[in-house]
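Protein sequences, first through last, are from chains H and R. All residue numbers for the first sequence refer to the working numbering, where the first residue is 317 and numbers rise by one. All residue numbers for the second sequence refer to the working numbering, where the first residue is 317 and numbers rise by one.
Keep in mind the hints are simulated off the structure, nothing from the lab. All of these numbers come straight from a predicted model, not from anything done at the bench. Possibly wrong hints are sitting among the right ones.
You can't tell identical chains apart in this list, so a pair holds if it fits in one copy or across any two.
[Stated by the list, open to error] Derived DSSO-like pairs: lysine-lysine, alpha-carbon spacing no greater than 30 Å straight-line:
1. K533 <-> K511
2. K581 <-> K339
3. K404 <-> K605
4. K493 <-> K581
5. K411 <-> K555
6. K416 <-> K605
7. K411 <-> K605
8. K603 <-> K404
9. K404 <-> K607
10. K603 <-> K411
11. K515 <-> K493
12. K353 <-> K603
13. K555 <-> K404
14. K515 <-> K603
15. K551 <-> K493
16. K591 <-> K368
17. K555 <-> K493
18. K339 <-> K404
19. K607 <-> K515
20. K511 <-> K353
There are 2 protein chains.
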Amino acid sequence: MTEIAIGIDIGGTNTVFGCIDSKGNTIAEGHIPTQTKEHFEDYIDDLIAEIKSSLENVEVRIVGVGIGAPNGSYRTGTIENAANLRWKGTLPIAKMVNEKLNVPVKVTNDANAAALGERIFGGAKNMSDFMVITLGTGLGSGIVVNGDLLYGYEGFAGEVGHIIVRPGGRDCACGRKGCLETYVSATGVKRSVYKLLAKHLGESSLRDVPFNNLSAKMVAEAANEGDPVALETFKYTGKMLGEALANVASVTAPEAIFLFGGLAKAGDLLFDPVKEAMDENMLFLYKDKVKLLPSQLGDDAAILGAAALIWNDEKIVS
Amino acid sequence: MTEIAIGIDIGGTNTVFGCIDSKGNTIAEGHIPTQTKEHFEDYIDDLIAEIKSSLENVEVRIVGVGIGAPNGSYRTGTIENAANLRWKGTLPIAKMVNEKLNVPVKVTNDANAAALGERIFGGAKNMSDFMVITLGTGLGSGIVVNGDLLYGYEGFAGEVGHIIVRPGGRDCACGRKGCLETYVSATGVKRSVYKLLAKHLGESSLRDVPFNNLSAKMVAEAANEGDPVALETFKYTGKMLGEALANVASVTAPEAIFLFGGLAKAGDLLFDPVKEAMDENMLFLYKDKVKLLPSQLGDDAAILGAAALIWNDEKIVS
Chain H
317 MTEIAIGIDI GGTNTVFGCI DSKGNTIAEG HIPTQTKEHF EDYIDDLIAE IKSSLENVEV
377 RIVGVGIGAP NGSYRTGTIE NAANLRWKGT LPIAKMVNEK LNVPVKVTND ANAAALGERI
437 FGGAKNMSDF MVITLGTGLG SGIVVNGDLL YGYEGFAGEV GHIIVRPGGR DCACGRKGCL
497 ETYVSATGVK RSVYKLLAKH LGESSLRDVP FNNLSAKMVA EAANEGDPVA LETFKYTGKM
557 LGEALANVAS VTAPEAIFLF GGLAKAGDLL FDPVKEAMDE NMLFLYKDKV KLLPSQLGDD
617 AAILGAAALI WNDEKIVS
Chain R
317 MTEIAIGIDI GGTNTVFGCI DSKGNTIAEG HIPTQTKEHF EDYIDDLIAE IKSSLENVEV
377 RIVGVGIGAP NGSYRTGTIE NAANLRWKGT LPIAKMVNEK LNVPVKVTND ANAAALGERI
437 FGGAKNMSDF MVITLGTGLG SGIVVNGDLL YGYEGFAGEV GHIIVRPGGR DCACGRKGCL
497 ETYVSATGVK RSVYKLLAKH LGESSLRDVP FNNLSAKMVA EAANEGDPVA LETFKYTGKM
557 LGEALANVAS VTAPEAIFLF GGLAKAGDLL FDPVKEAMDE NMLFLYKDKV KLLPSQLGDD
617 AAILGAAALI WNDEKIVS
């Protein structure tokens, strides 16, 4: 019988799951809306019902369930006060799913799941020390050291997006100022465009776009057409990220740093200035040694990463 | 028969060793000058002879040798181009000592040794995620995560002293500018005193001391006598360190950060502003959760830490 791990990715809008074998193949998949139910228990019931229904005609043995969730804690198996979920406080999701399916359940945040996915199914298969930077609305990070995820004391390590890179700088949603993700993220890119439009006088197609309509993808497209503000925005974004990564390298000395997510798809537009700033700012001990690479995972990365929470432990056991 | 690990601390002037039992007791000890011999081989011969002589009248079994050395690499057992040693290139010290004594030999840098010492014999006995900051001429760091030292890809992780905290700031011996240790270290304190003497007009006992005669200890003494420049220097030093530690906490989420070394002996003068800056700059996830503590190791910390390289492995095995 095929053994599968169920990988669940809880987003603000949809919850997506996949039933993944040990090679990373998807045997079944499905999704439900995340926030239509008032009670978290009802949401879990819906999710379990949908998972069971997706497996109705398949002969499999479920090895475990891995869950990637905002503010998901590996240490406690809970979701803690996630800003983009309607249910507040501590949600004991691992315990609840375990009671329904009677298999081991592991929880972590999205970026840690992405890092595990990269290690088990992606570009970090033979690496023991690396980092995945997820570039979305914010900036997340999953860090692997000595072959294991770096969880920290209470399970919330790896908040590289909240390193303060410019004391007194841009307002951050965390309540502080100058955090890396206020510069390096889809939102950060938009803010940088508007800063540059304010600073310079030159023409730019972006002068016709209101802030709320602007997306990082539009900025990338404008840059590819030679728009000077868009080009300068990517240079600035890359410089901020490269400087920060050189600093983080002084802490964890990774073999490679993977960039993942929408913004990473901008390719050389982003990678070139990041590499340049890493080179310029890297301590001699690590110079030319830390690879900057695009993630090898596709759109199903979150699910593969969540499933990797289970397959990673299986591989350690076997 | 008593089992001992030999802990060796290689400094620029002296090489000190201790024969340490599994409880941290010193059974024998000794030292030789580090740099009187032209050839590294002759230095090693002298060191081994001195160790054997110290154990002449003691019945012990040597379990292994731990060595703390500048630029010592755990991964390769070598010393790599240490700035303050006369022998350049790669020194295969683990192999050489192993050939003489026929026991396992482990090498790491001084700060990693201090962190292991804190874990095995000091204040971090029950901690799996913590960090030791060593404050001497420079700033070193040893980081423990998931219960193990964070070595990184090539064994040189934990260079927190070389995080760039002020882009374009003070010249650093590493060739870059604005590294943490140019502000937070004995040398950094001296530089801050001179910067403040230049900026302000007020009286200070430190106006009578040439730069080359000034020590961090003198600044601490002046501060304790109420000297305003000395007091402001410690506030500034603590603020820089607290800001940086809040950032590093966003990467590794430690349970505690231990301060070790000469500057840490300044006590509240340093700890108070560090705590204040950590509080002000800490991400909400870690707020009031990361303890700032003085190291519980004394002057023999370097030797205990080096011996802990061996006892740590023994404990894992047993």
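Cross-check of the supplied hints:
no.	hint	result
1	K533 <-> K511	within (18 Å within a copy, 47 Å between copies)
2	K581 <-> K339	within (25 Å within a copy, 55 Å between copies)
3	K404 <-> K605	between (43 Å within a copy, 21 Å between copies)
4	K493 <-> K581	within (27 Å within a copy, 32 Å between copies)
5	K411 <-> K555	neither (43 Å within a copy, 42 Å between copies)
6	K416 <-> K605	neither (47 Å within a copy, 34 Å between copies)
7	K411 <-> K605	between (42 Å within a copy, 25 Å between copies)
8	K603 <-> K404	between (44 Å within a copy, 19 Å between copies)
9	K404 <-> K607	between (39 Å within a copy, 27 Å between copies)
10	K603 <-> K411	between (45 Å within a copy, 27 Å between copies)
11	K515 <-> K493	both (21 Å within a copy, 28 Å between copies)
12	K353 <-> K603	neither (51 Å within a copy, 32 Å between copies)
13	K555 <-> K404	neither (37 Å within a copy, 35 Å between copies)
14	K515 <-> K603	neither (34 Å within a copy, 36 Å between copies)
15	K551 <-> K493	both (22 Å within a copy, 21 Å between copies)
16	K591 <-> K368	neither (46 Å within a copy, 51 Å between copies)
17	K555 <-> K493	both (19 Å within a copy, 16 Å between copies)
18	K339 <-> K404	neither (36 Å within a copy, 47 Å between copies)
19	K607 <-> K515	neither (34 Å within a copy, 43 Å between copies)
20	K511 <-> K353	neither (40 Å within a copy, 61 Å between copies)
The structure fails hints 5, 6, 12, 13, 14, 16, 18, 19, 20 (numbered hints given earlier, in ascending order).
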